[in-house]
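Chemist: Each chain, letter by letter, is given below.
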Amino acid sequence: GENVEQHPSTLSVQEGDSAVIKCTYSDSASNYFPWYKQELGKGPQLIIDIRSNVGEKKDQRIAVTLNKTAKHFSLHITETQPEDSAVYFCAASKNSGNTPLVFGKGTRLSVIA
Amino acid sequence: NAGVTQTPKFQVLKTGQSMTLQCAQDMNHNSMYWYRQDPGMGLRLIYYSASEGTTDKGEVPNGYNVSRLNKREFSLRLESAAPSQTSVYFCASSEAPGHQETQYFGPGTRLLVL
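Heads up: the sequence lines are chains A and B, in that order.
Residue numbers are given in the working numbering: position 83 of the first sequence equals residue 83, and the series is strictly consecutive.
Residue numbers are given in the working numbering: position 33 of the second sequence equals residue 1033, and the series is strictly consecutive.
Keep in mind that the hints were calculated from the coordinates and are not lab data.
Check before you lean on any hint, since a few could be wrong.
In silico lysine-lysine, BS3-like type, Cα no more than 27 Å apart, as pairs [said to hold, decoys possible]:
#1 42(A) to 1071(B)
#2 1057(B) to 94(A)
#3 1009(B) to 42(A)
#4 1057(B) to 37(A)
#5 42(A) to 1014(B)
#6 57(A) to 94(A)
#7 22(A) to 68(A)
Quick caveat: nothing in here was measured; it's all calculated off a predicted structure.
Working from the sequences, and respecting the hints, build out all of it.
Modeler: Structural data, given as structure tokens:
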């Protein structure tokens, strides 16, 4: 089955700097890659997703890139702010039957003011 | 809209006790999910329901049962709780069936089994 590895497990950046979180996946048939943000004491919330027919997607300060050949995808946050501090999860799935999302283990991002 | 609601927020059980975690959504979504979240393990799917009347096992279904009571409600039952089931449980829903739709998560239920 699919295996998703996520790095780093913790990341500290200064406010205003950029943050990058990387994920690799094992199943070349996977074609959907969402990113979820989980704030303390809350459930995860989708912040951006990408499908395998594109290589990059942006939404304001957040961008995701996908390299299908290398089977890895990354989340980029620019101009980080204290409210970006949270745990971020990547995930992958393939559009085959009822194959569920497989999540990475998460990255705890701390933005230091 | 309240979105996805879960009850209780926190529960302590003794080994062998049973309990049901409740989940409801008011977004008229077709699909609902139960996940568990353990430190350093990310989110793992326990069971899901693609539509009313259907349920399927996820990655870690052992020790759990589910009921899709109606379109709004999806409950998770622990028949005989074990310490290994200490975790934070999240319910989620999505508009359409399939695992490539945006999932909306509830606030979670923190369960401690002694």
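Chemist: State for each hint whether it applies.
Modeler: Tested hints:
| no. | hint | in the structure |
| --- | --- | --- |
| 1 | 42(A) to 1071(B) | holds (24 Å) |
| 2 | 1057(B) to 94(A) | holds (17 Å) |
| 3 | 1009(B) to 42(A) | holds (11 Å) |
| 4 | 1057(B) to 37(A) | holds (25 Å) |
| 5 | 42(A) to 1014(B) | holds (26 Å) |
| 6 | 57(A) to 94(A) | holds (19 Å) |
| 7 | 22(A) to 68(A) | holds (14 Å) |
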